[in-house]
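**Student:** Given these sequences and hints, build the entire structure.
Order-wise, the sequence lines are chains A and B.
The first sequence: position 235 = 235 (this note's numbering), numbered continuously.
Converting from the second sequence to this note's numbering requires adding 243 to each position, the first position being numbered 1.
Since the hints were made in silico from the structure, they are not lab data.
Please note: incorrect hints may appear among the correct ones.
To give a feel for the contact side, a few chain B residues facing chain A, derived at Cβ under 8 Å [what the hints assert, rightly or not]:
no.	residue
1	Glu387
2	Tyr390
3	Arg391
4	Gln434
5	Met455
Idealized CB from N, CA, C, for every residue including glycine.
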Amino acid sequence: MSPTFLPPTLGAERVRVDVAPWRLSGVVVAAQLNHRPQLAALADAAQRPPYKALPSAPVLAVKPRNTLALDGDDVPAGAEGLDVGATLGIVIGRVACRVSAAEALSHVAGYLVANDLSAPIPGDTPHYRPGARFKLRDRSCPLGREVVPVAAVADPDALAVQVWIDGVLAQATDTAERVRGVAQLIADVSDFMTLNPGDLLLLGVAQGAPRALPGQTVTVEIDGVGRLTNRLVHDDLSTGSAA
Amino acid sequence: MKTARVAYAGAIHTAFEHDLGSAKGLRLADGRVVAEDQVVWLPPFEVGTVIALGLNYADHLKELSKELTVTAKDEPLVFLKTPGAVIGHRGQTRRPQGVAFMHYECELAVVIGRTAHRVARADAMAHVAGYTVCNDYAIRDYLENWYRPNLRVKNRDGATVLGPWFVPAEDVADPHALGLRTRVNGQVTQQGTTANMVNDIPALIEYLSAFMTLQAGDVILTGTPEGVVNVNEGDEVVTEIDGIGRLVNHIVGDAPFSVIPA
Chain A
1 MSPTFLPPTL GAERVRVDVA PWRLSGVVVA AQLNHRPQLA ALADAAQRPP YKALPSAPVL
61 AVKPRNTLAL DGDDVPAGAE GLDVGATLGI VIGRVACRVS AAEALSHVAG YLVANDLSAP
121 IPGDTPHYRP GARFKLRDRS CPLGREVVPV AAVADPDALA VQVWIDGVLA QATDTAERVR
181 GVAQLIADVS DFMTLNPGDL LLLGVAQGAP RALPGQTVTV EIDGVGRLTN RLVHDDLSTG
241 SAA
Chain B
244 MKTARVAYAG AIHTAFEHDL GSAKGLRLAD GRVVAEDQVV WLPPFEVGTV IALGLNYADH
304 LKELSKELTV TAKDEPLVFL KTPGAVIGHR GQTRRPQGVA FMHYECELAV VIGRTAHRVA
364 RADAMAHVAG YTVCNDYAIR DYLENWYRPN LRVKNRDGAT VLGPWFVPAE DVADPHALGL
424 RTRVNGQVTQ QGTTANMVND IPALIEYLSA FMTLQAGDVI LTGTPEGVVN VNEGDEVVTE
484 IDGIGRLVNH IVGDAPFSVI PA
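**Tutor:** This is the structure:
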């Protein structure tokens, strides 16, 4: 077999980007536990084993190409459903390596709406070593089809976020109260991994993610950025067995 | 036939082994013959999703048993990398000033050759295109207990080395019977055999493809045996797997990266 493989990025190249870099690279990194109320809800557990202390570096998860999908795509889900992960997506416009928070926003091309869906993780310590089979499922990270230019968003850390499930408001939150806001997140991530044009950083979901079930339609709306709608379709993926 | 991907004279080329008599050389696909230090070695295939396994060798698991809360009976410990982490043969990896424990990991890298969706163990090996060597560095100072192992430890710029060769699957009789070792400045510091994998290659493909579709160019880094030791600025680290390749990397400090000391 030939070693020259094409690296397709499911869907990412079809997002309309009206500002530089014109298309997404397919690299998607999602901040986790970046909403202060999420850490507050963990309370003393965050100080006990296995965690032992609050995180000091950004908590991050890579969303590989199999997880990417677009507005309108169906998302497979087991009978237990998926936790909705409404999040602001930050599209990098200019290479960012060890940038300061003060200069970080000048490296952003724009923003999009994303939904970092996760299967419910059993057990008491879901943030220690979350199993790949809960976080890396096919099409579990739909992206909005349009990137809003950075200049069109006055303050990315103060945007209203709403989640609708079958037309009923399920979560009303915003992009504020982050452990790291947009600029600080870019600064701290770029300290050890260079962000390139078209890379996508997800700011991270808010405390109180609603659960959606197979057959339900989920819409994520971020004020001034857009809407993202996907239907969950039943897919009998066994989550009970290890290898 | 094993192949490399190299940059030479303004373009990227597929290259083949070529004996220059006194030195190792390369023959580019267009016929030019060059010495191995005349080219820039890139990862030997276009890299898709990089999937890494933690604690997948019985001996390494034993080595770390005091600080671990997992056992071989748990499900495979999977983490991912982004393309920026990946570099090729004869590259440089940065060791930030002030860290105490940065170590290499010699790993067999399994390259997927065709789409794998819910593939059974018995059919798994038909989805493997070939193999290469990986040296997957970690900086343990940055380890935190949230989403372990966290990206600051394992997904640093230039800290995942792949190469030098892509070796087609048909050229490897048994990928579960390969000796692997690491040499730091010529001293052997790590030795093992791919026979000691906790989850073997078909098990990993079956496990992963049950929930994530694997595509051509995706690569599974199958874990490392015992014997990880600290490396320092100036060290030459050579990770080697019998029949697959000998992958050279150099540890450099902050200065070449214009990092100003804090």
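**Student:** Against this structure, judge whether each hint is valid.
**Tutor:** Verification of the hints:
Hint status for Glu387 (chain B) relative to chain A: holds, with the closest Cβ pair at about 5 Å, below 8 Å. The beta carbon of Tyr390 (chain B) is positioned within 8 Å of a beta carbon in chain A (closest approach about 5 Å), and the interface hint is therefore held. Interface hint status for Arg391 (chain B): upheld, as the beta-carbon distance to the closest one in chain A is roughly 5 Å, under 8 Å. Taking 8 Å as the C-beta contact cut-off toward chain A, the hint placing Gln434 (chain B) at the interface is violated, the least distance being around 26 Å.
Hint status for Met455 (chain B) relative to chain A: holds, with the closest Cβ pair at about 5 Å, below 8 Å.
Violated hint for the displayed structure: number 4, the only one.
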